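Colleague: Given next are the chains, with one letter for each unit.
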Amino acid sequence: MSIAITTQIICFTILSLVILIGALGVVLLESIVYSAFLLGGVFLSVAGLYLLLNASFVAAAQVLVYVGAVNVLIIFAIMLVNKKEDLKPINDIKSRRIISTSICLTLLSLLIRVDLTNVWSLSNPQNSIGEESTIRIGEHLFSDYLLPFEVASVLLLMAMIGAIVLARRDVMSKDISTGLPVDQELIEKSSEPLLTNKN
Amino acid sequence: MEYGLDLEYSFNEFLKGFGLSSEIAHIIWLPLPMLLVLVAAVVGVLVTVWLERKISAAAQQRIGPEYAGALGVLQPIADGLKLLVKEDIIPAKADGILFTAGPILVLVPVILSWLIVPFGQNLLISNVGIGIFLWIALSSIQPIGLLMSGYASNNKYSLLGGLRAAAQSISYEIPLALSVLAVVLMTNSLSTIDIVNQQSGAGILSWNIWRQPVGFIVFWICALAECERLPFDLPEAEEELVAGYQTEYAGMKFALFYLGSYINLILSALLVSILYLGGWGFPIPVELIAKFLNLPINAPFIQVFTASIGIVMTVLKAYLLVFIAILLRWTTPRVRIDQLLDLGWKFLLPISLANLLITAGLKLAFPQFFGG
Numbered sequence: 000m001s002i003a004i005t006t007q008i009i010c011f012t013i014l015s016l017v018i019l020i021g022a023l024g025v026v027l028l029e030s031i032v033y034s035a036f037l038l039g040g041v042f043l044s045v046a047g048l049y050l051l052l053n054a055s056f057v058a059a060a061q062v063l064v065y066v067g068a069v070n071v072l073i074i075f076a077i078m079l080v081n082k083k084e085d086l087k088p089i090n091d092i093k094s095r096r097i098i099s100t101s102i103c104l105t106l107l108s109l110l111i112r113v114d115l116t117n118v119w120s121l122s123n124p125q126n127s128i129g130e131e132s133t134i135r136i137g138e139h140l141f142s143d144y145l146l147p148f149e150v151a152s153v154l155l156l157m158a159m160i161g162a163i164v165l166a167r168r169d170v171m172s173k174d175i176s177t178g179l180p181v182d183q184e185l186i187e188k189s190s191e192p193l194l195t196n197k198n
Numbered sequence: 000m001e002y003g004l005d006l007e008y009s010f011n012e013f014l015k016g017f018g019l020s021s022e023i024a025h026i027i028w029l030p031l032p033m034l035l036v037l038v039a040a041v042v043g044v045l046v047t048v049w050l051e052r053k054i055s056a057a058a059q060q061r062i063g064p065e066y067a068g069a070l071g072v073l074q075p076i077a078d079g080l081k082l083l084v085k086e087d088i089i090p091a092k093a094d095g096i097l098f099t100a101g102p103i104l105v106l107v108p109v110i111l112s113w114l115i116v117p118f119g120q121n122l123l124i125s126n127v128g129i130g131i132f133l134w135i136a137l138s139s140i141q142p143i144g145l146l147m148s149g150y151a152s153n154n155k156y157s158l159l160g161g162l163r164a165a166a167q168s169i170s171y172e173i174p175l176a177l178s179v180l181a182v183v184l185m186t187n188s189l190s191t192i193d194i195v196n197q198q199s200g201a202g203i204l205s206w207n208i209w210r211q212p213v214g215f216i217v218f219w220i221c222a223l224a225e226c227e228r229l230p231f232d233l234p235e236a237e238e239e240l241v242a243g244y245q246t247e248y249a250g251m252k253f254a255l256f257y258l259g260s261y262i263n264l265i266l267s268a269l270l271v272s273i274l275y276l277g278g279w280g281f282p283i284p285v286e287l288i289a290k291f292l293n294l295p296i297n298a299p300f301i302q303v304f305t306a307s308i309g310i311v312m313t314v315l316k317a318y319l320l321v322f323i324a325i326l327l328r329w330t331t332p333r334v335r336i337d338q339l340l341d342l343g344w345k346f347l348l349p350i351s352l353a354n355l356l357i358t359a360g361l362k363l364a365f366p367q368f369f370g371g
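Chains as they are written, first to last, in numbering that gives the first Met the number 0: chain A, 0 to 198; chain B, 0 to 371.
Derived by calculation from the structure, the hints in this document are not laboratory data. These numbers come from a predicted model, not from an experiment. Certain hints may be false.
The list that follows gives simulated cross-link-like pairs (lysine to any residue, SDA-like), each with its CA atoms no further than 25 Å apart [claimed, not checked]:
#1 B:92 x A:78
#2 B:85 x B:37
#3 B:155 x A:34
#4 B:81 x B:241
#5 B:345 x A:79
#6 B:92 x A:161
#7 B:362 x A:145
#8 B:15 x A:165
#9 B:155 x A:29
#10 B:92 x A:132
#11 B:155 x A:79
#12 B:345 x A:165
#13 B:92 x A:80
#14 B:345 x A:160
#15 B:345 x A:161
#16 B:362 x A:29
#17 B:155 x A:80
Bound conformation, chain A alone:
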């Protein structure tokens, strides 16, 4: 066995272990902050798996989008609303846990079956495009995957408009969640500059 293959196997084992244990931790840990940080670790390890598969551009994009944007925003949101309150105990917690576990196990067995029955066409390692992949991804995004790419941008635009509407409730006269008229005075007060009262 050559040194390169040994290194690859060691890296793969470590990364998969981190992904599995980290993902379990995200689901099972009580502290939401730990879950969020572990999620970042899982995302990073997935990027490491992409690197092992010679997809360096996808790995960097994974780090930038999932770790740098999604996970940071999740942690940010958790810390902004980090109220120390005890969650209400749920009555039928046991049956809920049984149902969710069985659904997850069914999905897992389905995935394993697909994995075992499908004939995976492994490309020849000699033909791997490696560093060329950035160019190839760009070509695909602007030719046969142009429509999904553009539709995704429309989706993001909709999400952004929704966020703006939620954040700037003063553009509406009624509160969208409760239906009560919005207390305009409160909004005016918060958007007033701090220094105007001094002169």
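Once you've looked at the hints, dock chain B against the given chain A.
Modeller: Then chain B, alone, in the frame of chain A:
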């Protein structure tokens, strides 16, 4: 454009001369450049700390450190030693694991980014194809470390500092990436080597700063904001937040933050010089000098000369920018958080978008000047 010394090849050949297989030779070679770059980064930090102390003293009409070595050059080493031997304190109500992991997560991505900093044609650790994109991706990990240490300290100032750092980092990453994208558009490649080679045609005249003046300024402002240097050091604004996310830190963990911020500053200066100031290029092309001296470009003397000129030029340009950053720090007031976010989202973002659009248009109109 394949010229220059290939140290790896000669080193491997040298080891093979002792009867080692090429794989063993490769494994012995691998840690060497990494170690060298790590040492270079740390020495760079020591120099920068000394410069900061001396220049700030000059800006405030003081003398600055004087007794530790000639002109106080040993002062940074004394600082480092002090931090090394100080007691490592974890506050009683802090979260021990996250408190320790935070500084590591801040420092490691910065050091990893040195992977792509070239000091010459073959003088870098790895010429990865995604090059400059790797740096952008890695620098986006840093806010997690800042949030982590801010949260784990169990201190309101730390938490506020961490949140501010993350907000600032996210908002300035976008104009930063867009101005890098304009340079990449002109180069047709993400690799830092290609970016420098594209600027090496006519010496100082072909540097990107003449073709991307707006991009240069936007990138520099964003780089300063990413490094949390004044005028953008809100995350650790001492009058409001004690020291931001590092309030509770002492000893070596504080030193990791300190090292991280200075390594990041040097890295940003290096990247500005690579992206906009011709990297390792001499203001007059070396080929012209060789022609003038009637020497072939592949002569060993010229090769060594080119390599040393390259290293000197890269470091010189970077330290010129570090000097400007230090001057800015000691002469400008801090911006407010709303001004900071306004500048990032309402000014730099539209400008860098327009810059990208204009660059794309100019590339189509004048392919010979803006890369075809």
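Colleague: Next, verify each hint and record whether it holds.
Modeller: Results for each hint:
1. Between residue 92 (chain B) and residue 78 (chain A), the direct Cα distance comes to roughly 17 Å. Compliance with the 25 Å bound is thereby established for this hinted pair.
2. A threshold of 25 Å between alpha carbons decides the hint, and for residue 85 (chain B) with residue 37 (chain B) the separation of about 23 Å falls inside it, so the pair holds.
3. Using a Cα cut-off of 25 Å, the hinted pair residue 155 (chain B) and residue 34 (chain A) holds, with the two alpha carbons roughly 22 Å apart.
4. In summary, the hint linking residue 81 (chain B) to residue 241 (chain B) is supported, as the alpha carbons are separated by about 21 Å, within the 25 Å threshold.
5. Annotation: proposed proximity of residue 345 (chain B) to residue 79 (chain A) holds, straight-line Cα distance about 24 Å (limit 25 Å).
6. Straight-line distance between C-alpha atoms of residue 92 (chain B) and residue 161 (chain A) comes to about 39 Å, which puts the hinted pair past the 25 Å bound.
7. Restraint check: the Cα-Cα separation between residue 362 (chain B) and residue 145 (chain A) comes to about 23 Å, which is no more than 25 Å; the hinted pair holds.
8. A hinted pair counts as satisfied when its Cα atoms are at most 25 Å apart, and residue 15 (chain B) with residue 165 (chain A) does not qualify at roughly 67 Å.
9. Annotation: proposed proximity of residue 155 (chain B) to residue 29 (chain A) holds, straight-line Cα distance about 23 Å (limit 25 Å).
10. Between the alpha carbons of residue 92 (chain B) and residue 132 (chain A) the distance comes to roughly 48 Å, so the proposed pair goes past 25 Å and is violated.
11. At roughly 12 Å between alpha-carbon atoms, residue 155 (chain B) and residue 79 (chain A) fall within 25 Å of each other, so this suggested pair holds.
12. Under the criterion of a C-alpha separation no larger than 25 Å, the hint pairing residue 345 (chain B) with residue 165 (chain A) is consistent with the structure, at around 20 Å.
13. This hinted pair checks out: residue 92 (chain B) and residue 80 (chain A) have alpha carbons roughly 20 Å apart, not beyond 25 Å.
14. This hinted pair checks out: residue 345 (chain B) and residue 160 (chain A) have alpha carbons roughly 17 Å apart, not beyond 25 Å.
15. The straight-line distance between the Cα atoms of residue 345 (chain B) and residue 161 (chain A) is roughly 20 Å, inside the 25 Å bound, and the hint therefore holds.
16. Between residue 362 (chain B) and residue 29 (chain A), the direct Cα distance comes to roughly 54 Å. Violation of the 25 Å bound is thereby established for this hinted pair.
17. Taking the CA atoms of residue 155 (chain B) and residue 80 (chain A), the gap is about 14 Å. The hint holds against a cut of 25 Å.
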